[in-house]
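Visitor: Each chain, written out:
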Amino acid sequence: MKRAVRMLGTTILGAALALGLSVAAPSAQTLKKVQDRGALMCGVSQGLPGFSSPDDKGNWTGFDVDVCRAIAAAIFNDPAKVKFLPLSAKDRFIALQSGEIDVLARNSTWTSSRDSSQGITFTAVNYYDGQGFMVRKSLKVNSALELNGASVCVQTGTTSELNLADYFRANNMKYEVIAFVTADETVKAYEAGRCDAFGTDVSQLYAEKLKLSNPGDHVILPEIISKEPLAPAVRRGDDQWLALVKWVQFAMLDAEELGVSSKTVDEALKSPQPEIKRLLGTEGTYGEQLGLTKDWVVRIVKHVGNYGEAYDRNVGTGSKLGISRGLNRLWTKGGIQYAPPIR
Amino acid sequence: MRRRSGNDGVETPPLAAVIYNPQVRSALYQLVLVLALVWLGYQFALNAAANLGARNIASGLGFFHNSAGFGINFSLIPYDETDTYGRAFLVGLLNTLLVSGVGIVLATLLGFMVGIGRLSSNWLVARIAGGYVELIRNLPLLFQILFWYLAVLGTLPGPRQSLSIFGTIFINNRGFVVPAFRLEEGFVYVWAALVLGVLATIALGLWARRVRERTGRMIPILWKAAALILGLPLATFLAAGLPIEVDLPRIQGFNFIGGTRIVPEFVALLIALSTYTASFIAEVVRAGILAVPRGQSEAGLALGLRRGQLLRLVLIPQALRIIVPPLTNQYLNLTKNSSLAVAIGYPDLFAVFAGTTLNQTGQAIEIIAITMAVYLSLSLVTSVLMNWYNSRVGLVDR
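Protein chains in written order, with numbering that gives the first Met the number 0: chain H, 0 to 342; chain R, 0 to 397.
Rather than coming from a laboratory, the hints here were simulated on the basis of the structure. Everything numeric in this text was worked out from a predicted model, so none of it was measured. Hints are supplied without guarantee of correctness; some may be wrong.
[What the hints assert, rightly or not] Partial chain R-side listing against chain H, Cβ under 10 Å, derived: (1) 53; (2) 155; (3) 173; (4) 239; (5) 247; (6) 251.
[To be verified] A short list of chain R residues far from chain H (calculated; beta carbon distances all over 10 Å): (7) 36; (8) 54; (9) 104; (10) 112; (11) 163; (12) 178; (13) 182; (14) 187; (15) 254; (16) 290; (17) 317; (18) 324; (19) 343; (20) 358; (21) 388; (22) 392.
[To be verified] Pairwise CB distance ranges, derived in the manner of DEER restraints: (23) R/165 - H/215: 36 to 44 Å; (24) R/146 - H/215: 24 to 32 Å; (25) R/328 - H/172: 41 to 49 Å.
Ideal placement from N, C-alpha and C gives every residue a C-beta, glycine not left out.
Next up, chain H with everything else stripped away, as it sits in the complex (with noise of 0.2 Å):
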């Protein structure tokens, strides 16, 4: 079903580009489109706990999916103007080039590749990630060195299965890898004992650990093999939605920097410090020039909160997945999440 989806997908975008009708013309409309359609599309992962996923009322959640609402609290002021799109590994990026969604918002990993030949744009990194490899605790392996020989389920389509040639070759082992389509498949394979090993990005592995009938049978390994900067894509020719993306993205990291959170957002409004009346539109046009309104950092922050609240609700110590920050602290915190200003 998902195939033949994916295939009438392609047919109708390689007949639309064929014919030369405009299929998503590259040019400044994305953000027309969605105040007409009245809702932002937003691609997302088919269950990732976390990142994005249903809950049981199928009111989707996660740290990719509070970049769709953010986006959404900005331009409509109401976060669940959104309707949220699963997409697999394998039919994401044709979904974003053929216009059916407006915003990938999908833990993909940013690559040269992506950027420059898929006729897509990643907007900015939301979330700093590394490859590892869950394995049951019985096989007492403690190391990723000590895979040599194993049997490697990996999900097609992604980077993780590019790494995991890369590391066995580099490290002069050899392994076996099967790739499913859809995560669930890889996890139903790994936990039936097809594969020795699981590989996948280390915050998806803690999110499907949490699957897994007894998760205290398994363990993630110390080495992370490769650098997995998540970001949310955009279609390639639209530099106002571009922008727009991106700096929703940077206004969250710049509230946290601020210290405006959704508890705070009120007070801070009164604020006399420059920076903050920048942030939240008392002072400049700095949304106008966006194409939204003045007060779209306050939109954002107080329907979805700044990215360190978003960051513990989902992923975090406030979550069940429980990672903690990492590289993803802000850059006066000893991280790497650093956002330009706002002015």
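Start from chain H and add chain R according to the hints.
Guide: What follows is chain R alone, placed relative to chain H:
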């Protein structure tokens, strides 16, 4: 060419005669249509390339020479991550051909057995065959593939607790590990003996047929043929001092090393595809046999043919004419259905090429077009072969 037009006796000028010639005209129309279609296709391609360029999406077939960078766990030809996308494409294509080819053979054998079994006068055999057909053909194929993969092969023990058959064949949830054989130099004599045996059997068969046609005396050649085809190479094999090296599998680390491993993805897909298609083939075979007039069986029995002979010499040759065209459909279905491999991670053409390669390169249009062309070619080749076979077994009009 000069022609006299019908009844008025006036001579038509030569050019007009050519234009009004219905054959020339229809050829002209067809030519114009073909040219228009080619032009249209060319414009589509140009337009697509220009639009892709404008959106900064890579296009063209240059990626075939780029290094693929991903591993594939089951390959008939040597392959590693440093090889090109072109080679990965070939690996996927061969995997598709392997599972379809073996699947077609197994499905045909099983299908004929079940189809004939369903017509058996033995109550139990007929019921079992009937039950098989009704159960298997009415369940979705994807469900059956997942059943075999997860519920049957997935529940096998891990490598260290493998089921072992005489310490040479090991069965576990990573697949079937069998000894690998490396042929030594002396093995060439065994091949020679095999060729000799086959040739001798053919000669024997021709002679037996000649005798039968001339005298009507049946000469049973089964045992002689077996001795020639199996016995002769075996004797040579022993005489040449066992020119073969056996590589027994043994466990080391996580998995077995040595031997040859057949991955469970392949086994699950093969079982599901062949049993599923066999249930349809069984019905085709049954219909074919039932369509042969009853008088033919009666005539055969009256001639004193035994049940097996009747089936082999009278019924099946006539039934084949009816069976072959729908059988072709089943073969095409099996080949196309093999793309469901993607559900269990068997690296077939669809998974490797229209899956991983598409995602790494982002060149959806080229890759989907090539994949469609490959499946189309496979189907057309199968059709051509089956049509040729059909014309051979078909009724010859005299």
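Visitor: Take the hints in turn and mark each one as holding or not.
Guide: These are the hints, each one checked on the structure:
no.	hint	in the structure
1	53	holds (7 Å)
2	155	holds (9 Å)
3	173	holds (6 Å)
4	239	violated (35 Å)
5	247	violated (17 Å)
6	251	holds (7 Å)
7	36	holds (14 Å)
8	54	violated (4 Å)
9	104	holds (26 Å)
10	112	holds (32 Å)
11	163	holds (18 Å)
12	178	holds (19 Å)
13	182	holds (25 Å)
14	187	holds (33 Å)
15	254	violated (5 Å)
16	290	holds (36 Å)
17	317	holds (41 Å)
18	324	holds (28 Å)
19	343	violated (8 Å)
20	358	violated (3 Å)
21	388	holds (32 Å)
22	392	holds (37 Å)
23	R/165 - H/215: 36 to 44 Å	holds (39 Å)
24	R/146 - H/215: 24 to 32 Å	holds (30 Å)
25	R/328 - H/172: 41 to 49 Å	holds (47 Å)
In summary, the numbered hints that this structure violates are 4, 5, 8, 15, 19, 20.
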